[in-house]
Each structure stands twice: as C-alpha cells, then as structure tokens.
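Kindly produce the complete structure, drawing on both the sequences and the hints.
This is what each chain is made of:
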Amino acid sequence: MSTFGQMLISIEMTLNEIIKLTKGRLVCGDSKLNYMLKFAFASDLMSDVLTIDTDNLLLITGLTNLQTIRTAEMSDIQTVLFVRNKKVSQDMIDLANESDIALIECPSSMYKTCGELYKAGLPYVF
Amino acid sequence: MFFNMQLTYEIAGGDFGKAGYASSEIKKVLKKLNLDLRIIKKIAVALYEAEVNIVAHAYRGSLTVEIDTVKISVKAQDEGPGIADIDQAMTEGFSTASAQVREMGFGAGMGLPNIKKNADELNISSEVGKGTELEIITYLK
Ligand SMILES: Nc1ncnc2c1ncn2[C@@H]1O[C@H](COP(=O)(O)OP(=O)(O)OP(=O)(O)O)[C@@H](O)[C@H]1O
Ligand SMILES: [Mg+2]
Chain Z
1 MSTFGQMLIS IEMTLNEIIK LTKGRLVCGD SKLNYMLKFA FASDLMSDVL
51 TIDTDNLLLI TGLTNLQTIR TAEMSDIQTV LFVRNKKVSQ DMIDLANESD
101 IALIECPSSM YKTCGELYKA GLPYVF
Chain R
1 MFFNMQLTYE IAGGDFGKAG YASSEIKKVL KKLNLDLRII KKIAVALYEA
51 EVNIVAHAYR GSLTVEIDTV KISVKAQDEG PGIADIDQAM TEGFSTASAQ
101 VREMGFGAGM GLPNIKKNAD ELNISSEVGK GTELEIITYL K
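Top to bottom, those sequences are chains Z and R. Going by the working numbering, the first residue of the first sequence is number 1, and it counts up by one from there. Going by the working numbering, the first residue of the second sequence is number 1, and it counts up by one from there.
Check each hint, because a few of them may be wrong.
Unchecked claim - Chain Z is nowhere near these chain R residues, computed Cβ spacing over 12 Å in every case:
no.	residue
1	Q6
2	S62
3	G131
To be verified - Examples of chain Z residues toward chain R, derived with CB under 7 Å:
no.	residue
4	M46
5	D48
6	T51
7	Q67
8	R70
It should be emphasised that the hints constitute simulated quantities derived from the structure, not laboratory data. We put the CB at the ideal spot given by N, CA and C, even for glycine.
Laid out in structure tokens, this is it:
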C-alpha cells in the first residue's frame with residue numbers, strides 16, 4: 001500500500017520481518033516467526049478488534065492486560081504487537097502460549113509503528 | 001444420528017481476571033468436535049461478548065451451550081440491572097460502561113450489535129432490576 005506515483009503496492013510479510021521493521025522483541029511464540037501477515041489492525045479497544053473478521057491479521061495495541069490475549073484467542077488472531085514500550089505480564093505470556101499466540105514488544109508509539117508498517121506495504125483492513 | 005451435548009459455566013460479575021475463561025473452554029470443545037473454523041470463530045466471538053457483558057454489567061450469571069446436529073444454541077443469563085431499552089442497547093456506540101470497564105478495553109457499545117452480526121438468530125429478553133437473557137443461535141448448515 002505504499003504509493004509510488006499512482007501505483008499501489010500491498011506486501012505480505014512474515015512476523016520476523018515485522019519484528020525487524022518495528023525494532024520489536026519477540027516475547028513468546030518462536031514457532032510463529034515465519035507466519036505470514038496479510039493485514040494489520042491497530043486499536044486499544046477490544047470491542048473494536050472483535051468486529052474484525054480477517055485472517056492472517058497483525059493486531060497492534062497498547063492495551064496490556066489478559067483481555068487483549070483473550071480477544072486475540074477468540075478472534076483467531078495469532079500475532080499481537082504491543083507499542084509504547086508496554087511490558088506484557090507473565091499471566092499474559094502463559095495464556096498466549098496456551099493459545100499459540102506470538103507476542104511482540106516494541107519501543108515506538110502506535111503512530112510510528114503503524115507508519116513504518118504502512119510505509120513498508122502491509123495492508124489495512126479498512 | 002442423534003447428538004446432543006450441553007455445557008454450563010458460571011460467570012462472576014466484575015471479575016475481569018476471569019472474563020473469557022468460559023468462552024475459551026467452550027471454544028476448545030467446539031474445536032474438538034471438528035466444526036467449521038468460521039462457525040467456531042463466530043460463536044466464540046459472540047460467547048465472549050456475552051460473557052464480558054455479564055462481567056461488565058451484571059452481578060452474576062451463566063453461559064449455557066447446547067450443541068446438536070443442526071445448531072448451536074447459547075444462553076447467556078444473568079442477575080443484574082437488566083436493560084430498560086433493548087433497541088437503544090442494540091445501537092452501535094451506545095454504552096453505559098464504567099470507567100473501569102473502559103480501562104479494560106471495553107465499553108465501545110459494539111458488543112450486542114457484534115453478537116447479532118455473528119449469529120443467525122439473537123433473542124434478548126430483560127427485566128429491569130432482575131436480569132437479562134440472551135439466546136444466540138447458529139445453524140451448522
Ligand atoms: N447483561 C447486561 N446487563 C445489563 N445491561 C447490559 C447487559 N448487556 C448489555 N447491557 C447494556 O447495553 C449496553 C450496550 O451493550 P454492548 O455490549 O453493545 O456495549 P458495551 O458492553 O457497553 O461495550 P462493548 O461491548 O463495546 O465493550 C451496555 O453499555 C449496557 O448498558
Ligand atoms: Mg459489551
């Protein structure tokens with residue numbers, strides 16, 4: 001979705017590429033490093049996340065509590081990226097491991113993180 | 001073939017640490033039954049929204065799921081303040097959620113409309129001062 005003149009480019013990327021682009025740190029979910037992300041959605045409101053019905057979705061959020069992981073679990077979201085240097089708790093990691101969800105911590109703000117991924121071509125849901 | 005299975009989980013109002021536990025257990029059962037993953041996701045999202053509503057808005061309640069060969073019926077029942085105006089509650093964006101609920105990432109007024117979107121049928125009955133009952137039906141087709 002980067003624009004070069006009139007051209008619109010959408011690029012799928014692996015979780016590993018996303019970690020590199022956002023200077024993130026994988027907290028759990030090593031087996032997901034080659035998982036293909038086709039879309040991203042950013043929100044701190046879990047009720048909004050629950051309305052999204054898209055596969056291979058990266059969830060970007062600043063909300064670090066157990067409900068973030070529950071929401072991912074219920075929505076079949078396998079990768080969650082936490083912005084603003086938020087730290088995930090051991091309870092969150094345990095629940096994520098149980099549901100096979102990868103968690104990434106990244107130091108930048110929501111705006112910058114989304115900007116980097118958008119610039120790199122990762123498509124939005126709407 | 002005749003098949004019928006029923007599961008019930010108690011839900012405590014106000015306990016956000018546990019919110020989603022019942023939905024998660026039910027989702028695991030649905031996965032074991034090898035149902036279509038799209039249908040499982042729809043039911044899981046509807047269950048979770050209903051469970052969070054009990055935690056966020058009621059005093060206590062339960063989730064009951066009945067599975068047979070044609071459909072999956074979810075009953076979410078609670079003792080709580082009830083809903084005075086169901087049409088208003090069904091409107092996207094309408095919410096009376098407390099600041100605490102909003103801090104947990106909820107209270108956008110999207111839950112009930114989202115349950116409707118994910119279900120084949122949604123029936124709501126409620127009595128102010130007593131409680132609320134949701135019936136959510138999904139056909140297996
Ligand atoms: N079980 C319930 N008991 C009492 N009131 C309820 C119940 N469920 C919903 N309501 C009322 O209906 C409103 C709308 O519910 P809905 O689930 O759509 O949104 P919400 O719970 O406020 O926010 P969200 O679901 O987006 O996190 C609630 O704010 C509340 O006033
Ligand atoms: Mg709700």
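Check your understanding: Can you name, in rising order, the numbers of the hints this structure does not satisfy?
Key -> none
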